[in-house]
Every structure is written in C-alpha cells, then in structure tokens.
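The whole structure should be built from the sequences, with the hints applied where relevant.
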Amino acid sequence: MSATTKAYLVGSGIASLAAAAYLVKEGGLAGQNIVILEQEDGYGGSLDARGDPEHGYSMRGGRMFEEKFNCTYDLLSFIPSISDPKKSAKDELMEFHQEFFWNDKARLVSGGSIVDVANLGFRERDRLDLVNLCATPEAALGTRSIDEWFEPEFFESNFWFIWCTTFAFEPWHSAVEFKRYCLRFTHLFSTIDTMAGIYRTQFNQFDAMVRPIVGWLKEHGVVFRPRAEVTDIDVAVDGNEKTATRIRYLADGEEGEINLSPDDLVFVTNGSMTADTTYGSSTAAPSLQTEKQGGSWTLWQRLAAKSPDFGRPAAFCTDIGKSKWESITVTAHDSTFFDLLEAFSGSEAGKGGLVTIKDSNWLLTVVLNHQPHYYEQPKGTWVWWGYGLFPDKVGNFVQKKMSDCTGREILEEILLHLRFAEKMEHIRDTSIVIPAMMPYITSQFMPRTGTDRPQVIPAGSKNLAFIGQYTEIPDDVVFTVEYSVRSAQIAVFGLLGLDREVSPFYKGQHDPRILFDALKMLHRK
Numbered sequence: 001m002s003a004t005t006k007a008y009l010v011g012s013g014i015a016s017l018a019a020a021a022y023l024v025k026e027g028g029l030a031g032q033n034i035v036i037l038e039q040e041d042g043y044g045g046s047l048d049a050r051g052d053p054e055h056g057y058s059m060r061g062g063r064m065f066e067e068k069f070n071c072t073y074d075l076l077s078f079i080p081s082i083s084d085p086k087k088s089a090k091d092e093l094m095e096f097h098q099e100f101f102w103n104d105k106a107r108l109v110s111g112g113s114i115v116d117v118a119n120l121g122f123r124e125r126d127r128l129d130l131v132n133l134c135a136t137p138e139a140a141l142g143t144r145s146i147d148e149w150f151e152p153e154f155f156e157s158n159f160w161f162i163w164c165t166t167f168a169f170e171p172w173h174s175a176v177e178f179k180r181y182c183l184r185f186t187h188l189f190s191t192i193d194t195m196a197g198i199y200r201t202q203f204n205q206f207d208a209m210v211r212p213i214v215g216w217l218k219e220h221g222v223v224f225r226p227r228a229e230v231t232d233i234d235v236a237v238d239g240n241e242k243t244a245t246r247i248r249y250l251a252d253g254e255e256g257e258i259n260l261s262p263d264d265l266v267f268v269t270n271g272s273m274t275a276d277t278t279y280g281s282s283t284a285a286p287s288l289q290t291e292k293q294g295g296s297w298t299l300w301q302r303l304a305a306k307s308p309d310f311g312r313p314a315a316f317c318t319d320i321g322k323s324k325w326e327s328i329t330v331t332a333h334d335s336t337f338f339d340l341l342e343a344f345s346g347s348e349a350g351k352g353g354l355v356t357i358k359d360s361n362w363l364l365t366v367v368l369n370h371q372p373h374y375y376e377q378p379k380g381t382w383v384w385w386g387y388g389l390f391p392d393k394v395g396n397f398v399q400k401k402m403s404d405c406t407g408r409e410i411l412e413e414i415l416l417h418l419r420f421a422e423k424m425e426h427i428r429d430t431s432i433v434i435p436a437m438m439p440y441i442t443s444q445f446m447p448r449t450g451t452d453r454p455q456v457i458p459a460g461s462k463n464l465a466f467i468g469q470y471t472e473i474p475d476d477v478v479f480t481v482e483y484s485v486r487s488a489q490i491a492v493f494g495l496l497g498l499d500r501e502v503s504p505f506y507k508g509q510h511d512p513r514i515l516f517d518a519l520k521m522l523h524r525k
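Mapping of the sequence shown onto the UniProt record's numbering: position 216 corresponds to residue 216, and the numbering continues sequentially without gaps.
All the given hints hold, so there is nothing to weed out.
As a list, the in silico DSSO-like pairs of lysine-lysine whose alpha-carbon atoms are at most 27 Å apart:
| hint | residue 1 | residue 2 |
| --- | --- | --- |
| 1 | Lys351 | Lys68 |
| 2 | Lys379 | Lys351 |
| 3 | Lys218 | Lys90 |
| 4 | Lys218 | Lys6 |
| 5 | Lys6 | Lys25 |
| 6 | Lys322 | Lys400 |
| 7 | Lys520 | Lys351 |
| 8 | Lys86 | Lys25 |
| 9 | Lys90 | Lys507 |
| 10 | Lys25 | Lys218 |
| 11 | Lys322 | Lys393 |
| 12 | Lys400 | Lys423 |
| 13 | Lys25 | Lys90 |
| 14 | Lys90 | Lys379 |
| 15 | Lys242 | Lys462 |
| 16 | Lys306 | Lys292 |
| 17 | Lys358 | Lys322 |
| 18 | Lys401 | Lys423 |
| 19 | Lys105 | Lys358 |
| 20 | Lys242 | Lys6 |
| 21 | Lys358 | Lys520 |
| 22 | Lys68 | Lys87 |
| 23 | Lys68 | Lys507 |
| 24 | Lys86 | Lys218 |
| 25 | Lys322 | Lys401 |
| 26 | Lys393 | Lys358 |
| 27 | Lys306 | Lys462 |
| 28 | Lys379 | Lys423 |
| 29 | Lys379 | Lys86 |
| 30 | Lys105 | Lys68 |
| 31 | Lys68 | Lys520 |
| 32 | Lys306 | Lys242 |
| 33 | Lys358 | Lys400 |
| 34 | Lys351 | Lys87 |
| 35 | Lys358 | Lys401 |
Read the hints as simulated data drawn from the structure, not as lab findings.
Structure below.
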C-alpha cells in the first residue's frame, strides 16, 4: 500500500460500511481516498428502515444478534451510538440486552392457543438424522436439500417450526447451510424455546448501526457517491493473477469510468438478498419483480464470466419461487394490538421474541419490538413487524395467496389466527400496513456447490475482493450481519497485508458442556 492508495467499494450495505471503517481504522487510509459507490439514493443495503407516522414505517427485516458475534462487536466497539455519542454502539446494544432480553413464552401458537414447546417433537430417527447431518462433511452433502436428508415427519416437529422461522429456512434449502447453522449455534440450542440467547439492537438496525457508521465514516472524510451504479469492472487476467484495472459505472444517466492504479483496491458486494423489492400498501398488494433490475446481480454475472474463481451467481438467483417471501411492517396509531398480544403472550413488547402461528398456511411470524423502534418515532405511534414463509399459499381465513393480499388483508389474517376478531375492525382502521415482496431474500440458502460463492479474496487476486452474503467463509453462517462484517475484515486485512487477525470464530460445538446441554434439550420431553 502506498500513500496514494485509493479504495473503491461497490454498494453501501453493512459489508461495505464495515470495510470502509476498517480501511480507516486499521489500514490508515485517508477518508478522501475511500469512495463508496451506491446505486440507490440511501445507504445501508438490506439494513433499511424508512417512513413516518403519517404514511407508515417500513423495514424489510430485522436482524438478530447473539453473544458470540465477535466481528460485529469489534466493529461497533469504535462507533459512537445514535442515542449517546459518549458510548459505543456496542455498549448501547449490550446495555439494552441487559434490560430487554428475550424470554419467549409464546414461541408457537396454534388454534389461537400457545403451544407447549417443552417437547421439541423429535422422534429418535430425527435425532439420529440431525446428529448424522452435523457429522457429514460438506463435500459429501453437495447440493442436497434439507428435505432430501430428513423424513417428512421432521418438518412437523416443534423444533422445525421454531428453527425455520427463527432463521427463515425452508425445506428445499441447502442441507449444508442448515448444518452450518446447527453447528454455529450449538450454544443456543438449550434456550431455543425461550430465545434467551438472542440479542437485538435498541432501535431498528438502520438507526442503530447504519446511521452511526455512516456518520463516523463521513466525519473521517469517506466519500459517498449515491445514484452511481457500477455496471462492470475490467479485470486483467495473467495466468493465475487477477488485477482490477477499471471501474465502469452509470451515474444520473451518464456513463463514467475510474482507471485504477496497481495500488488501488476494489471491494465488491456481489448479489443482494433484497434486490428488486416491491412494496404494497394497506389497500394494494406488492407486485413480484422477476426481471433483475438491481445492479448487484448483473455486475456479479459479468464478473463471473471473466473467471470461474469469481463464483456462479446462477446458483442463487434463478429460482425466485424458492427464494422469495413477504414481510409486513405495521404502524399503529393506538396500542390495542400491543396490549392484546402482550396479554396473550405474557411478555411485554421487546421481551417476548418471535410468535409463530404454527397452523398458518402462510407460516406467519410476528414480533413486538421495544418502542420506539425508530429513533425519531413519536409517542402515540407503535411499530411491529411480521413475515410469511409461504406467500404463495392461500390463507386460512382470507381466501387468497398472501402475495395477492393487500396490507389490510394480511393484517386481518393475523388477527383472526390470534383470535382478536372482536378488536379487528378497530385495529385495522388505526393501522397502516406496508407489505414488502422480496424475490431473493433467502437466495443465499439455495443448494450450491463449494465453488458457487467466490472466496473473499479469490485465488491470485491482487486488488479485488468480494464481500457480503454471497462470499465463501468456511463454517460461518449467511443471513447474518456477522457474516458480512467477517467478510469485510478478511478482505481489508488480507488485501492490505495487515498484521491483524480476523476476530476469532466461536465454535461452541467443541465445548463438552455445550454439547451436553444441547443433547439434553434434544431429548427433552
């Protein structure tokens, strides 16, 4: 690295923001030599949250954290929090967890009643299949799906309903990814029923993480270029060596290019789980965007054509029917729904965790967040969130597919499942419901081979790294903030040749005490 080294980051999701932060803090790059190119107007990628009380708030999802997210906490340890600049974003998260830790008393609901999940519903065959899966090498599993490994009865167990709705797995997803989750979160298995090991940010992740990190980066002079879509990157391939030489982009309708020196660095977020999201409203259903509009997928496809070391995006983005689902954000102008669900679940908002309606055809899950969930959210406004894993099935009460329903119709289905019919009209009339259809939201879980995702720093790469959810990091689990931040650490420390170790990876499955507790839970009746 020289004093004139510049770094260009494609996309502004958490992986890019983390990489930029480490380039400044660990790499010593001047902020003005770091440029983040983002095709949208705003920043944060999939960690989004927007809206207001009048028109309704919306967020496509909410990320969960746990004690062993070492990369994430390393990043947040030097970022001032949004609520108090005198303490770090990590301190804010940890302090919030001390007061608002989850103790889920209504994790599963069926027939309008809380399901007793003391028994996870395993048969002995299910236990053996689960243990055997965890012991089988990934190469031997190949592209097998979860439902190719387990018998149909497994998918009726309380364990499966809890696990799949906590992490958004579906039966046709990758057995390798399912195995990684089982191993990575072995230490959480003993509290799976109460979700006591889950951490959440005090506010939504855009307010709690993205805004503070963007503010910190701007204070250090990092350059943000919105409405700049990177369309291609020229790569010189000389034997095994690969060097990015030029960035091509489209900004406000004008084509542009950036010529790269040998010392310049490029970090690409390849693919996006929230690309081509469409939104509905209380009175309109969201459409389904099937033609790729997001630049992240198109760019990856063009890069993949230059070298097999750059991965194979087709493994993840060509079967929308198996990678999509739909979420809703509800803005309520009185507390009726909160009051009813708190009384029903036995937990106050922010402490109850996820509530999954087990007998819902859409497999609906809702959560009452601690209020306010938006930093500037005024009193007299309540925001809650939910999602359905099977949006193409017909509802139990509303005789339409979830994907064809308006926000009000989705809300009606939830209220009838929870037996809140008496207050349904009032709740419906005092709520704004914004559905979001996401074609690629679980695409990172699709069955794939060991080379379909590129290495963070591909073999022979001199100045080009891939970051984010579609990179290959052995043992860690996608669909987590931790995965994105770990990819950023690997990329920055590796390309700069820093004498700085990536934050340690926790492997609780090697701790006899944790294994013993997990096995006890596995056999609990």
